[in-house]
Structures are given as C-alpha cells and as structure tokens.
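Chemist: Each chain, written out:
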Amino acid sequence: MANMSPTKLPMPEQNPSVRNHNFQEVALGYTPEMAVEEAGRCLQCRKPLCVSGCPVNVHIPEFIAKVAEGDFQAAYAVIYQTNGLPAVSGRVCPQESQCEALCVRGKKGEPVAIGRLERFVADWYRENVAEKPEKPASNGVKVAVVGSGPAGLTCASDLGKLGYEVTIFEAFHTPGGVLVYGIPQFRLPKEIVLREVEGILDLGAQLSLNTVVGKTITIDELFDMGFRAVFVGSGAGLPMFMGIPGETLSGVYSANEFLTRVNLMKAYLDDYDTPIQKSRAVAVVGGGNVAMDAARCAKRLGAEHVYVVYRRGEAEMPARAEEIHHAKEEGIEFHLLNNPTKILSDGHGAVAGMECIRMELGEPDESGRRRPVEVPGSEFVLEVDTVIMSLGTTPNPLIRSTTPGLETNRKGCLIVQEDTMETTRKGVYAGGDAVTGAATVILAMGAGKKAAAAIHQALAD
Amino acid sequence: MAKIITKRRLNPTVTLMEVSAPLIAKKALPGQFIILRVDEKGERIPLTIADYDREKGTITIIFQKVGLTTELLDSLEEGDDILDFVGPLGRPTELEGVQKVAVVGGGVGCAIAYPQAKYLHEHGVAVDVIAGFRSKDIVILEEEFQAACDHFYLTTDDGSYGEKGLVTDKLKALIEAGNQYDAVIAIGPIIMMKFVCKTTEPYRIKTLVSLNPIMIDGTGMCGGCRVSVGGEVKFACVDGPDFDGHQVDFDELMTRNGAYKERETQVRRDHACRLLNQEVR
Numbered sequence: 001m002a003n004m005s006p007t008k009l010p011m012p013e014q015n016p017s018v019r020n021h022n023f024q025e026v027a028l029g030y031t032p033e034m035a036v037e038e039a040g041r042c043l044q045c046r047k048p049l050c051v052s053g054c055p056v057n058v059h060i061p062e063f064i065a066k067v068a069e070g071d072f073q074a075a076y077a078v079i080y081q082t083n084g085l086p087a088v089s090g091r092v093c094p095q096e097s098q099c100e101a102l103c104v105r106g107k108k109g110e111p112v113a114i115g116r117l118e119r120f121v122a123d124w125y126r127e128n129v130a131e132k133p134e135k136p137a138s139n140g141v142k143v144a145v146v147g148s149g150p151a152g153l154t155c156a157s158d159l160g161k162l163g164y165e166v167t168i169f170e171a172f173h174t175p176g177g178v179l180v181y182g183i184p185q186f187r188l189p190k191e192i193v194l195r196e197v198e199g200i201l202d203l204g205a206q207l208s209l210n211t212v213v214g215k216t217i218t219i220d221e222l223f224d225m226g227f228r229a230v231f232v233g234s235g236a237g238l239p240m241f242m243g244i245p246g247e248t249l250s251g252v253y254s255a256n257e258f259l260t261r262v263n264l265m266k267a268y269l270d271d272y273d274t275p276i277q278k279s280r281a282v283a284v285v286g287g288g289n290v291a292m293d294a295a296r297c298a299k300r301l302g303a304e305h306v307y308v309v310y311r312r313g314e315a316e317m318p319a320r321a322e323e324i325h326h327a328k329e330e331g332i333e334f335h336l337l338n339n340p341t342k343i344l345s346d347g348h349g350a351v352a353g354m355e356c357i358r359m360e361l362g363e364p365d366e367s368g369r370r371r372p373v374e375v376p377g378s379e380f381v382l383e384v385d386t387v388i389m390s391l392g393t394t395p396n397p398l399i400r401s402t403t404p405g406l407e408t409n410r411k412g413c414l415i416v417q418e419d420t421m422e423t424t425r426k427g428v429y430a431g432g433d434a435v436t437g438a439a440t441v442i443l444a445m446g447a448g449k450k451a452a453a454a455i456h457q458a459l460a461d
Numbered sequence: 001m002a003k004i005i006t007k008r009r010l011n012p013t014v015t016l017m018e019v020s021a022p023l024i025a026k027k028a029l030p031g032q033f034i035i036l037r038v039d040e041k042g043e044r045i046p047l048t049i050a051d052y053d054r055e056k057g058t059i060t061i062i063f064q065k066v067g068l069t070t071e072l073l074d075s076l077e078e079g080d081d082i083l084d085f086v087g088p089l090g091r092p093t094e095l096e097g098v099q100k101v102a103v104v105g106g107g108v109g110c111a112i113a114y115p116q117a118k119y120l121h122e123h124g125v126a127v128d129v130i131a132g133f134r135s136k137d138i139v140i141l142e143e144e145f146q147a148a149c150d151h152f153y154l155t156t157d158d159g160s161y162g163e164k165g166l167v168t169d170k171l172k173a174l175i176e177a178g179n180q181y182d183a184v185i186a187i188g189p190i191i192m193m194k195f196v197c198k199t200t201e202p203y204r205i206k207t208l209v210s211l212n213p214i215m216i217d218g219t220g221m222c223g224g225c226r227v228s229v230g231g232e233v234k235f236a237c238v239d240g241p242d243f244d245g246h247q248v249d250f251d252e253l254m255t256r257n258g259a260y261k262e263r264e265t266q267v268r269r270d271h272a273c274r275l276l277n278q279e280v281r
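Residue numbers (the working numbering), protein chains in the order written: chain A, 1 to 461; chain B, 1 to 281.
If you are wondering where the hints come from, they were derived from the structure by calculation, not from laboratory data.
Each residue gets a CB set at the ideal place from its N, CA and C atoms; glycine is no exception.
Treat each hint with caution, since some may be false.
To be verified - Derived, one-sided and incomplete: chain B residues facing chain A with beta-carbon distance under 10 Å:
#1 23
#2 24
#3 27
#4 32
#5 41
#6 66
#7 68
#8 74
#9 75
#10 76
#11 217
#12 218
#13 219
#14 230
#15 258
Construct the entire structure; sequences and hints are all you get.
Modeler: Here it is in structure tokens:
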C-alpha cells in the first residue's frame with residue numbers, strides 16, 4: 001500500500017538567516033529513512049508519465065521502487081543507465097516543470113519528490129560505494145567533445161559507456177563549465193561536480209584543459225588528428241547588456257563575470273587572489289535563475305541590501321519558484337515591475353546608484369507574457385554601489401567563426417537537425433546553450449545524450 | 001602546464017620569459033594574447049604575446065611587476081612550470097596593404113610593440129619605431145628594435161638617454177617632417193595611447209591601439225573586458241584586443257582598469273609573506 005500523504009516529505013535545509021552568511025549547501029538532503037518514506041508515495045504507474053517529462057529518460061518508477069526497498073545501490077544503477085550526472089540533475093533540474101509536473105500524485109496534492117530522491121540516491125552512492133564502474137573495452141574510435149559543461153559531460157559519458165575513446169576539450173583550467181563557473185557552491189558543491197567528472201574519466205575519457213577550440217585548435221584539425229566525430233557543447237557566450245548609460249562604470253558586472261569571480265575563481269575565500277567588489281548595496285537586473293544565483297552570492301559576500309530589479313511581475317519571472325522562495329527567505333529584496341533607465345556615476349567612474357522607472361503590465365506579447373509598459377514620470381533612484389546585469393547571453397562566436405560549414409541562425413546559435421543534433425557540417429554535432437541560447441542544465445544534458453546516440457549510430461554504420 | 005625555458009630580466013621591474021607552449025606557438029600571430037594562472041589559488045591574467053617560435057614551440061611573454069600575480073610569476077625560475085597557459089586569444093592585428101607605419105611603444109608596452117614592428121618589417125613594410133621610457137635605467141629591447149625597423153627613435157622623459165621628451169613630440173615631429181604613415185600602432189600606458197591618438201587625429205592617420213583590460217576567461221564569456229569603441233560596447237577578448245584608437249573611450253578604460261587598485265595595494269603589502277612562505281616550501 002502506497003504512502004498516501006498528500007504532500008512531499010520536506011527536505012531539511014540550512015536556516016535562512018544562517019545560510020545567507022555562508023557558501024555551504026542550502027539543502028541538506030534526505031536521510032535514508034526519509035528517502036524510503038517518500039519513495040513509498042510513488043504509485044508505480046504502468047505507463048509512467050513522469051518519464052516522458054525527463055529529457056534524459058530516467059526510469060523513474062524503477063529507481064524509486066528500489067529506494068522503497070532500501071536497495072539504494074540498485075536504485076543508482078537504474079538512474080545511471082540513462083543519466084551520467086545524477087547528483088547534478090537531482091540538485092538543479094526544474095523538476096516542477098518536468099517529471100514532477102506529470103506525476104499523477106500531483107493531481108490531488110503534491111507530486112512525488114522525484115528530484116529529492118534522485119539527489120539522495122546519487123549522494124548515497126558517492127558516499128557509500130567506493131568501487132568504480134567497470135571500464136568498457138575500447139572500440140578504438142576517437143570522438144572529440146568540446147566543452148565540459150552538462151552537454152559535453154553527458155555526451156562523453158554516454159559515448160564512454162559504449163567504448164568510444166573520448167577526449168574532452170575545456171577552455172578553462174577546471175572542468176564542469178557552467179556547473180563550476182555559474183551555479184554557486186551553495187546550490188551545487190564543486191566537489192560533487194568534480195566527482196561526476198571523475199566518474200566519466202573512469203570510463204576512459206581524456207580531459208584536455210586550457211584548450212580553446214576555435215583558437216588553440218580548430219575543428220578541422222581535430223578531424224585531421226583522427227577524431228571521427230566532434231560534439232560542440234561550448235555553452236553560453238557573450239553576456240547581454242541593456243544599452244543604458246553607465247553600464248561601463250566600474251562596479252557594473254555581467255552575471256557571468258560576477259559568478260565566475262565568486263564560483264570558479266573563489267573570490268569568496270580570502271586565500272584566493274581574484275578580487276571582487278566589496279558591496280554595500282547591490283542591484284541585480286533580471287528575473288532568471290542566474291539572477292537569483294547572483295543575488296544570493298552578493299548577499300553572502302556581505303552586502304546589506306540586495307535588490308532584484310525585474311521589469312515584469314513575479315508570475316512572469318523565469319526563475320524556478322524554489323529559487324525565488326530561497327532568495328526571499330535569505331533577505332533578497334524584490335523590486336518587480338521596475339526597469340533600469342541609467343546607472344549613475346559617483347563622479348570618479350564608480351557606481352553611485354541606478355535610476356529605474358516603474359512599469360505596469362499591458363497586453364500579452366509574442367512570448368505570451370503580459371508586456372511591461374513604462375509609467376511616465378515614475379523614475380526613482382535606487383542607491384546601490386554595484387549593479388549585476390543578468391539578462392542572458394548570446395552564443396560564443398569562437399567556434400562558428402573558425403569552422404567552415406557551420407551555420408548559425410539569426411541569433412548566432414548553431415543550427416542542428418532536431419533528431420540527431422548534427423550541425424550543417426557533417427560529423428559535427430552540437431547541443432546545449434550553443435544551440436538553444438541560455439537554457440537549463442537538463443536540456444543541455446538531454447541534447448548531449450541525443451547527440452551521443454546519433455554519433456554512435458553514424459559511426460557504427 | 002607550460003615550462004619556462006628562459007628567463008631574463010630586462011630591467012629591475014620587467015622580465016622576459018620564453019615558455020614552452022607548442023600548440024599556441026603554432027598558431028600565434030602579432031596582436032594576440034595568452035591567459036595564465038601561476039598557482040592553484042591565483043587569478044587569471046592576460047598578457048600579450050611578445051614573440052613566438054613555431055619551430056621551438058615557444059611563446060615569449062614580457063611583463064612588468066605591477067601586482068600580486070606578476071610578482072608571483074616573476075618568482076618562478078627557468079625549468080619551473082606555469083600552472084595554466086591558454087591561447088592564442090583575441091584577433092591578430094589586421095594591417096593589410098600598408099606601406100609605411102610608425103610603431104609607438106611606451107615603457108613595458110614596448111614588449112608588445114616589438115613583435116608588431118618585427119612582423120611588419122619582415123613582411124616588407126617600412127617601419128619607424130618610437131620607443132619611450134621614463135629614464136635610461138628602464139630601457140628595454142633597444143637592440144631588438146634596431147634590428148626590426150628602418151628608423152629607431154628612443155625618447156626618455158628625463159633626457160637621461162636618447163632624446164628628451166615624450167613619444168608624442170617625436171611622432172608629431174616625424175609627421176611634420178613629411179613622413180607619410182599609412183598607420184600608427186600605439187602600445188603602452190592608456191594615457192600614452194590616448195595622446196598618441198590625439199596627435200594623429202588631425203592628420204587622419206589610422207591609429208591602432210592594443211588594449212589590456214581586466215579579463216577572466218578571455219574567450220567572450222565574462223564581459224569584464226568591455227570597452228566603449230565608437231559608442232558601442234566591445235569585448236576586448238573577442239573583438240580586440242586591437243581597436244581603432246580614434247574611437248576608444250580611454251578615460252572610461254582608465255577607471256575600469258583601476259577598479260581593484262585599493263585591494264591590490266593591500267594584497268601587495270601582504271604578499272611579501274606569501275613569497276617568503278613559498279621559498280620556505
């Protein structure tokens with residue numbers, strides 16, 4: 001008999017007023033007892049809808065059944081069949097709009113806490129199982145993966161399991177891509193990302209750090225070196241700015257720069273050399289998950305006031321509800337229906353404030369969201385010394401500009417065939433933000449997975 | 001990892017290092033840069049490539065000790081490894097069809113002016129070099145420059161060597177004397193580049209400057225290196241580092257580059273201990 005509790009078992013978290021002063025993980029995870037209890041809520045549907053909502057097709061009821069039995073190792077084996085990065089996706093997937101959105105338990109009450117269970121299983125495995133998965137026999141076929149973010153790692157993992165000789169090329173000095181430079185430690189500890197990467201290297205993959213494909217080495221050269229296929233998961237690119245006066249003042253960051261300083265370069269730790277502005281009041285412009293990450297980092301670095309300035313309302317914010325909730329708990333102040341008009345200088349080239357104008361919602365626009373319209377004469381100044389622009393990115397130009405035959409759309413995103421992820425250049429596949437523009441970790445993982453399958457099919461022929 | 005093959009002090013604060021980096025050496029062109037990190041907790045800093053040797057597979061960097069990272073870098077010796085060394089980044093200098101150029105270098109900027117002069121000279125362009133220094137004791141690359149140009153002019157602010165005066169005085173004099181330059185390349189302190197551009201503007205001589213703003217990744221991701229060029233925001237790492245000097249907002253660049261000065265001063269005060277600790281290790 002299933003556990004008929006209408007609500008998810010809550011996951012313990014650090015107290016908001018404590019955690020907004022540290023970078024340790026916010027969510028503490030289920031205990032084994034909690035996991036077994038929550039797993040009991042799964043009805044084990046014969047035609048599980050949840051699986052169809054998962055971009056990497058995790059066999060959800062199967063793994064949850066193993067958790068309910070207390071056989072966590074078997075549960076891990078089920079997840080790992082289709083998901084090379086479960087500790088990551090268990091933490092950062094928007095389950096509420098994917099698997100959990102389709103769970104039948106969600107029709108009356110809350111869905112099964114699939115994400116929390118996945119996270120539990122991955123953490124339990126990492127902490128309790130020392131043995132490494134058996135290294136598959138090499139098939140001698142070389143495949144290059146460009147970028148070690150979620151798309152590249154997933155592609156490398158799937159191809160590695162099939163025996164391909166995969167080399168991952170990474171521009172930075174550390175693997176992980178956005179999982180390392182973008183998503184903060186308190187949402188996704190870097191030690192966990194590193195372990196997931198090690199798991200992929202254990203399958204036989206090679207990692208070439210400090211290698212900028214498109215600069216250090218070109219895709220044509222990779223083919224000359226004997227790679228039979230190339231997967232491009234080079235991720236997001238140039239940060240967008242608003243084009244308002246004052247954006248080049250010192251104290252104005254892109255979210256990419258701010259987060260990279262904090263997360264990758266560890267500016268929050270005293271013994272690291274990378275500097276970051278000591279801010280008293282910070283305005284983060286934007287309403288996505290990245291904006292929430294930047295705001296919560298700024299708070300942890302000691303800012304007295306951190307404002308999120310967003311031109312639409314809360315219902316229109318693209319950030320996950322959970323992230324908005326966490327940010328509010330931690331004391332982030334939301335200035336919704338406000339749009340920046342200019343950033344003010346202190347007279348010496350630094351930020352002294354940000355002028356905003358109030359907005360109201362008009363008719364729906366092409367995105368289906370109500371269009372924000374300025375309220376004339378409603379300008380006011382927000383007193384801040386730091387502004388973080390979190391408005392999204394446009395894809396990185398380095399690879400497309402150095403690879404003949406690689407076509408992009410109007411926005412500069414690589415064009416791929418939807419079913420294979422193959423680009424307009426034969427043998428070159430792509431996925432993740434390089435194709436979609438800024439999107440989620442799990443969609444990038446799904447793309448890496450699809451490309452791996454297509455590469456396998458093309459090379460097996 | 002990139003091994004330091006040779007290390008040479010050019011003056012008390014400026015050091016040259018030839019570093020083994022075959023992949024980068026294979027591709028490097030004048031105007032491009034590398035990013036390096038000295039140790040696990042260090043920051044990433046960009047340095048323009050001062051020279052490259054495709055056969056030996058080496059990249060030469062020349063840097064001045066201006067902050068913690070360059071101090072740490074300077075503490076490395078021949079045979080030591082630089083932890084991370086990435087490149088070649090940025091776009092190579094684009095100077096097609098020029099017949100005669102003036103290359104203007106200021107201080108340590110001469111380290112980057114030198115490969116430009118050498119490359120153009122090797123490719124049949126008439127090259128005049130004006131190298132400016134504060135005083136005689138910090139003059140670098142004098143012999144190298146002489147071999148890489150048609151006319152070499154050296155100025156010092158205090159007159160202790162070469163001609164007394166600023167590079168802009170010399171440049172103006174040369175232009176006034178009837179030298180027809182198709183382009184001027186200016187590399188040095190921001191303030192010098194600004195005034196070289198002011199000097200050439202009335203004569204409508206195309207003037208290229210090589211910018212070295214604050215950067216992290218160097219591949220177009222962080223946006224820290226943005227500069228206003230002709231009223232548009234450009235990223236020095238992917239759009240530059242060379243720009244049309246008449247379009248660059250130098251004053252803004254100066255404040256942005258000073259963003260972490262206060263902290264840098266404090267860190268330098270503390271760092272003596274760190275260097276000491278390293279020696280003990």
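Chemist: So, for every hint listed, does it hold in this structure?
Modeler: Structure-based check of all given hints:
1. At a threshold of 10 Å, the smallest CB-CB gap from residue 23 of chain B to chain A is about 5 Å, leaving the interface hint in force.
2. With 10 Å as the threshold, the beta carbon of residue 24 of chain B comes within range of chain A, its nearest partner Cβ sitting at about 6 Å, so the hint holds.
3. Checking residue 27 of chain B against chain A by beta carbon gives a least distance of about 7 Å; that is within 10 Å, so the hint holds.
4. Using the Cβ-Cβ criterion of 10 Å, the hint placing residue 32 of chain B at the interface with chain A is satisfied: the shortest such distance is roughly 9 Å.
5. Here the hint on residue 41 of chain B is kept, as its CB sits about 5 Å from the closest CB of chain A, short of 10 Å.
6. For residue 66 of chain B, the shortest C-beta to C-beta distance to chain A is roughly 14 Å, which exceeds 10 Å, and the interface hint is violated.
7. About 6 Å separates the beta-carbon of residue 68 of chain B from the nearest beta-carbon of chain A, less than 10 Å, and the hint is met.
8. Using the Cβ-Cβ criterion of 10 Å, the hint placing residue 74 of chain B at the interface with chain A is not satisfied: the shortest such distance is roughly 15 Å.
9. The interface hint given for residue 75 of chain B is broken, as the beta carbon of that residue sits about 14 Å from the closest beta carbon of chain A, more than 10 Å.
10. A distance limit of 10 Å between C-beta atoms decides the matter here; for residue 76 of chain B the minimum to chain A is near 15 Å, and the interface restraint is violated.
11. Because the smallest distance between the Cβ of residue 217 of chain B and any Cβ of chain A comes to about 7 Å, under 10 Å, the interface hint for this residue holds.
12. Hint status for residue 218 of chain B: holds, given a least beta-carbon distance of 8 Å to chain A, under 10 Å.
13. Interface restraint check: residue 219 of chain B against chain A, minimum CB-CB distance 5 Å, threshold 10 Å, status holds.
14. At about 13 Å, the closest approach between the beta carbon of residue 230 of chain B and any beta carbon in chain A exceeds 10 Å, and the interface hint on this residue is violated.
15. A cut of 10 Å between beta carbons decides the hint on residue 258 of chain B: the least distance to chain A is about 7 Å, and the hint holds.
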